[in-house]
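Protein chains in written order, with our numbering: chain A, 2 to 281; chain B, 2 to 281.
Source of the hints: derived by calculation from the structure; they are not laboratory data.
Please note that a few of the clues may not be correct.
Heads up, the list lumps identical chains together, so a pair's fine if it works in one copy or across two of them.
Think about it this way: if two alpha-carbon atoms lie no more than 30 Å apart in a straight line, the pair counts; the simulated DSSO-like pairs of lysine-lysine are [as the list claims (entries may be wrong)]:
no.: 1; residue 1: K200; residue 2: K79
no.: 2; residue 1: K162; residue 2: K83
no.: 3; residue 1: K162; residue 2: K79
no.: 4; residue 1: K237; residue 2: K256
no.: 5; residue 1: K83; residue 2: K200
no.: 6; residue 1: K237; residue 2: K162
no.: 7; residue 1: K83; residue 2: K223
no.: 8; residue 1: K256; residue 2: K83
Chain by chain, the residues run as shown.
Protein chains: 2
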Amino acid sequence: MVAAIIGTGLIGGSLALCLREQGLAERIIGVERSASHASRAVELGIVNEVAPLDEAIAVADLIVIATPVDSIPTLAVKVLNKIAPHQTVIDVGSIKEELCEMISQHPARGRFVATHPMWGTEHSGPEAAMRGAFAGRRVVICERERSDSDARQLVEDMYSKLGMTPIYMGAEEQDVHCAYISHISHITSFALALTVLEKEREEEHIFDLASAGFESTVRLAKSAPETWTPIFLRNKYNVLDVLGEHIHQLQVLRKMIERDDAEGLTETMRHANSIRRILK
Amino acid sequence: MVAAIIGTGLIGGSLALCLREQGLAERIIGVERSASHASRAVELGIVNEVAPLDEAIAVADLIVIATPVDSIPTLAVKVLNKIAPHQTVIDVGSIKEELCEMISQHPARGRFVATHPMWGTEHSGPEAAMRGAFAGRRVVICERERSDSDARQLVEDMYSKLGMTPIYMGAEEQDVHCAYISHISHITSFALALTVLEKEREEEHIFDLASAGFESTVRLAKSAPETWTPIFLRNKYNVLDVLGEHIHQLQVLRKMIERDDAEGLTETMRHANSIRRILK
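Build out the structure end to end from the sequences listed, making use of the hints.
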């Protein structure tokens, strides 16, 4: 199989490495707007070559859109405009509602499979691409029934060989879920970093004590704004919804601390402890 | 050396295991209010025996107070009331201002070393005690000049053999720092767990997608309320200060999302990224 990967950063680059590792693609063509990313992607052996979008589309069996989410809907339409009926197109973005709406009436809609592999790190760019990524994680497949069965099969087999388990959802549902179990974690982490950086103006050595707990909650604040600004804005209403609820929960805890409400705090934290049944 | 460990949970239990592992104590006596913790601590080989407080104090060279922070100041005074001049007492709690005030005029103040080893996990009780804990971390020593030089030496040598590096601070400063780089991480994690658990009432399968990022930010929400309620309440003003700043930072991000302020979001997250210079 020949694969074209549009966007050779963390997700696209890792997918390229894994496709080759699993013997799923013998030739991988990168499409990159950034000249430095393009040359790094070749140097690091992520892609065999880089080519302009049209040239890559012309020869690829599978076309993967792995760019920031604000560019995905437009790119999806442009790619679908150009492909032949034997080609398959996927995206790997973390939001789906606008994308699925944009391509819903396209004559080639069946050739598209909307996917969201639930894997990532706080790093970005071709250097962040990892072998062995994705294994053991879920992959969301949205509006599965709108994809042709052969396209669906190709994509599900691919993810299965990468060690992923599919989970099927509507686009709207996936965007709500991701706001709650991924996007908000990034916002709290960014806000936590900002909180402590603010204090550092007064207390120079504040970070000398930084513990493992701090590292764990603030790790995601290293993530790239180029990735996350479009996610927060394109999933705006879901993100605002969860962010409002999160601020409310913090205010409830704040009031209990203000009132020395030991019983309330203990009860509330004990309820929060039930997150144990979710996490390993 | 004979050591008495008052409170054989995560921190006290781990310290007992490490003292034995490093050959620093040939006999370790546990003091435990909870009968089940006491028997587990013996079964797990954390302590050689359990004994009432007075009996343990009578024979120990080193007495370690490792109970929840609200009980530490009172226990410190009670222990100092009973010791002889060759004995040394330490605590391992995460806040210090009230403790240091309570013992400041005690005639045996010099026998006390106020320490905060910067290590922990989200687990609790004797089962959570770990060999090899503490290594590679910092240990805060407060009001070092108020401790006798032999007591200080004993304690600093002990932490050094456990692989810890000391950092010296006043009690007030340590409590501010810990609010910023430890306590707030726990509050955000608890609030994040509560946020998603709230949504789960409507969306049953919300956790099916839980990613590594989510696990990382919500891990601390598994922590014991018995440990954290007293920390939040005894470090109340510092915790409220940092919590207020954190809610403010979240509100700033919320407003930017509401206004589609891509430039502001990107700039703010890029500033948050500078947390990279702190974290490995």
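Results for each hint:
no. : hint        : in the structure
1   : K200 x K79  : neither (47 Å within a copy, 37 Å between copies)
2   : K162 x K83  : within (28 Å within a copy, 67 Å between copies)
3   : K162 x K79  : within (29 Å within a copy, 64 Å between copies)
4   : K237 x K256 : both (28 Å within a copy, 11 Å between copies)
5   : K83 x K200  : neither (53 Å within a copy, 41 Å between copies)
6   : K237 x K162 : neither (34 Å within a copy, 52 Å between copies)
7   : K83 x K223  : neither (37 Å within a copy, 51 Å between copies)
8   : K256 x K83  : neither (58 Å within a copy, 40 Å between copies)
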